[in-house]
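Protein chains in written order, with my numbering: chain A, 892 to 1040; chain B, -16 to 882.
Just so you know, these hints were derived from the structure itself, not from any lab. C-beta: ideal position from N, C-alpha, C; glycine also. Warning: the hint list may mix true and false statements.
As the list claims (entries may be wrong) - Residues from chain A that face chain B, not an exhaustive set, calculated with beta carbons under 10 Å: (1) G903; (2) V905; (3) T908; (4) Y911; (5) G934; (6) H976; (7) L1002; (8) L1020.
Said to hold, decoys possible - Keeping only pairs whose Cα atoms sit at most 20 Å apart, straight-line, the calculated SDA-like set for lysine to any residue is: (9) K1008(A) / K188(B); (10) K74(B) / L937(A); (11) K366(B) / V1014(A); (12) K1025(A) / R8(B); (13) K437(B) / G456(B); (14) K1025(A) / G288(B); (15) K951(A) / G288(B); (16) K1025(A) / Y81(B); (17) K917(A) / V101(B); (18) K909(A) / V1014(A); (19) K1008(A) / S241(B); (20) K904(A) / K216(B); (21) K366(B) / Q944(A); (22) K951(A) / S241(B); (23) K1008(A) / R8(B); (24) K216(B) / S241(B); (25) K358(B) / K1008(A).
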Amino acid sequence: MIHFVLLISRQGKVRLTKWYTPYPQKQRSKVIKEISSLVLTRGPKLCNFVEWQGYRVVYKRYASLYFCMCIDPADNELETLQIIHHYVEILDRYFGNAYFILDEILIAGELQESNKKAVLRLVTTQDALVEAAKEAASSLSNIIAQATK
Amino acid sequence: MDTVEKIVEDFASDIAMSPFSSGTRLRDMIRAIRACKTAAEERAVVRRECAAIRTAISENEPELRHRNMAKLMFIHMLGYPTHFAQMECLKLIAAAGYPEKRVGYLGLMLLLDERQEVLMLVTNSLKQDLNHPNQFIVGLALCALGNICSAEMARDLSPEVERLMRSREVNTKKKAALCSIRIVRKVPDLAENFMALAASLLKEKHHGVLISAIQLCTELCKASKDALEYLRKNCIEGLVRILRDVSNSSYAPEYDVSGIADPFLHIRVLKLMRILGQGDADCSEYMNDILAQVATKTESNKNAGNAILYECVQTIMGIEATSGLRVLAINILGRFLSNRDNNIRYVALNMLMRAIAVDVLAVQRHRTTILECVKDADASIRKRALELVFLLVNDTNVKPLTKELIDYLSIADPDFKGDLTEKLCSIVEKFSQEKLWYLDQMIKVLSLAGNHVKDDVCHALIVVLSNGSELQGYSVRSLYKALQAYGKQGSLVRVAVWCIGEYGEMLVNNVGMLDGEEPVMVTESGAVDAVEIALNRHSADATTGAMCLVALLKLSSRFPSTSERVKQIVARNKENVVLELQQRSIEFSSIIQRHQSIRSSLLERMPVLDEASYLVKRATATQATISADKLAPTVAPGGLKLPNGVAKPTSAPLADLLDLSSDGAPASTTTSTTTPNGFLQDLLGIGGVSTGTTGVPSIASTDILMDLLSIGSSPSQNGTPGQAESKPVHAVPEAIDLLGSLSSTTSVSETKPTHLVSQDMDLLDGLSSSTSVSGLEKTVHPSITAFQSATLKITFDFKRQPGNPRETTIHATFTNLTSSTYTDFIFQAAVPKFIQLKLDPASGNTVPANGNGSVTQGLNVTNNQQGQKPLAMRIRMSYKVNGEDRLEQGQVSNFPSGL
């Protein structure tokens, strides 16, 4: 399973974290620090896997962002790389909240949906729900405002 | 800088204008934080934001909750504490609208995890949302539950999730299936509830549902044997069908990844097949065809295809495949290994490691390529390859492989040298067929990477040397040559210096030449030169320095002509800042100057080290650090009845003791010799284990020093330890004037009892410590029996220190209850952090049989939480009965109250 997902900038700033295995807050910062120092120092042509505390970290750099996923040693590293790419492609098509997209791709550290369009559809539908709710709220407050005038 | 100031000003004005709102928008806050140039600025911005959010929370403004939560998530990601907002998450989740819930759940998953008690409060909201008519709200709840649920929540909400797996909505179904994975991981007992449902989902068409269901099946197989059997019977056909459909399917744009239809589904089916086929010939038989098809037809020019092939090979290796299929898999591995892509080579090495169990010969065929991978520029690949090489070594290929690895050692990356050296040493130790080869390889490794060689490896080498009298001459000469060339390698220096000290005359006189060995021309002073250089170069390292001093002392006796020079070199260290070296220097000067008559017998060669007992010791030490469970054989005779004993005397005594001290308890004075590097210290009696008091060497190191000087082994010779027994029991233990006694004219002397000085180990003149305790102190507390077993009894007498009420002096008396004498008796104690403990040296290390006299030892205990917490102590006694090691331990908790 995937234990956590980290997005780190080239400068070592964290952009997204998602934990599927519980780590206390202190541990989390430590993990982030360790992983970024491991991953950011690796040269460009090396393989995309590093070993860390008995786990494998699969990482890939897209522009100035490093996508890192920590998996069990028995998991398929190449596939994890493919999952990262899957995520990135969807992010690329839909510029929005990376968390909501991730939640449509992974649950409990396992893959949920291999169809990119399905993920896109789901996220946009839910965004539309939010928009609709907001409009309803504002029109409601307009009505109330007019009624109380 | 200007912009930052401006932003900070903006913030200030924002807050000034609207003191009750949280001011900025999310985007503005992120911008402000990113604009910060220093960590202090960032902290200031975050502090201000958090303050505003707290105010908003206490004002209970629902409109801002949404935005505040988003901000908090960002702040949390930067590593700042956000626990104060946990209740806000719950409020948002409990709200009616979708937007609030969405942010609330996101916050819940990020800001909380299963260990927080607040999480229990959300169970009810989750239950309601799982029953919500809107599928997206159900989806949110399932997602959160799947990511962070605890065992309790899993139990409570499992029926809801089961029901949702039967839902008509595919999105709900797949989320519920994944959520069940978490539930089964948390509560494996629930696995049976899900197996029929999971199997029925495999009939679906939707890939998302299939993937989720297959993963659930995989998890169920891991959790329960019954589920595994059930799924073997019921879903193998379905799986084969899914895999056939997906691999034969024509182009499907929705699932296409570089020309392959849904590699993710492929991989997950293959993985489940591996679990089902493992150890089951019928199942495996059923899969053979489709596996062969996937292995031959999958394109391998893109990552997606390789990922499938990788999984397929693993499955073929894992199940009871036909030999033809195995050959196919091994061939794929061979192709992978010669691939230019580092990722592919990495997984190939990984896979070969697993294949080794199935087919060693097939893996051996790739040995040369694997060896090349050890030299790769990529650390990950090197590491994998090295581990694989290690597994491939056998008696026939050990010599060429070792040569290759040693050749590479000289140019290896400094970071990698540690791993490489460790593996090399263990290969050499494990597979050496002749001693000469072993010595040669070890000397090479020490020369090239001596700074990375572990102490226990060096020690093993010394033990072998000590036992191999025919090779001692050759070794000391080789080491001397190596020392000249590689004087900076710490371990090499230690081993070489030790050998020069022990076998110096073989170096100078070329004793025991082997065929074809070139003689070396070293003069007596040349040998001293070598050690002196080492001493100067490594004086910062106490162990090496100490070894050099011992070697010099020994040389002064072997080569009388150098005696004067050695004296000067030794004397130079009298003011060394390293206490250990200073002490040795003073002691050794005294030996050289004032004890000429006994010097030569004192500095004789070390007796041959016992190989067997060292191996046992080394194994125990390693075990103790890994898992102390296997320690049982070394632990005390069976049938112990310990009044104060630990509940499980066989489990982890050492680890317990070590744990206690590793808690950072500065007080614990366990004179532990079980650490892997303990041996070198044993060898030298270095005070690395000395009790915190300065100048008083711990009993353990003293013993060893006596061993080293070969005077302490037979107590009757100088009357040192055994004296205690014949003393009138006056509770005033005598000082052991070890070398003071040597200064008297006869070499066989009596100890002079010194009154009022309790257990003072006056090792050498001028080094006496003053741990004297007034003997007139009144005993306020009754004595206790701290420990009693069938073999040993320990009583504690207490004396309070008038100056410091927290401090107590314990006088421990050890009595032997059996009919055989205990030798090498060592008492160790460890205490909790709040207690400080100082152990004085014992009155002796031999406990006579049948309670016929006893050994005493003083302990000084300071309880920093007196009145709040009682004294407590763990104790361990090690001794020898007829040369056999014994170990007993216990816990003392019956200390009189008020100490």
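Subject >> Structure versus earlier hints, numbers of those that do not hold, lowest first >> reply: 1, 10, 11, 13, 14, 20, 23, 24 and 25
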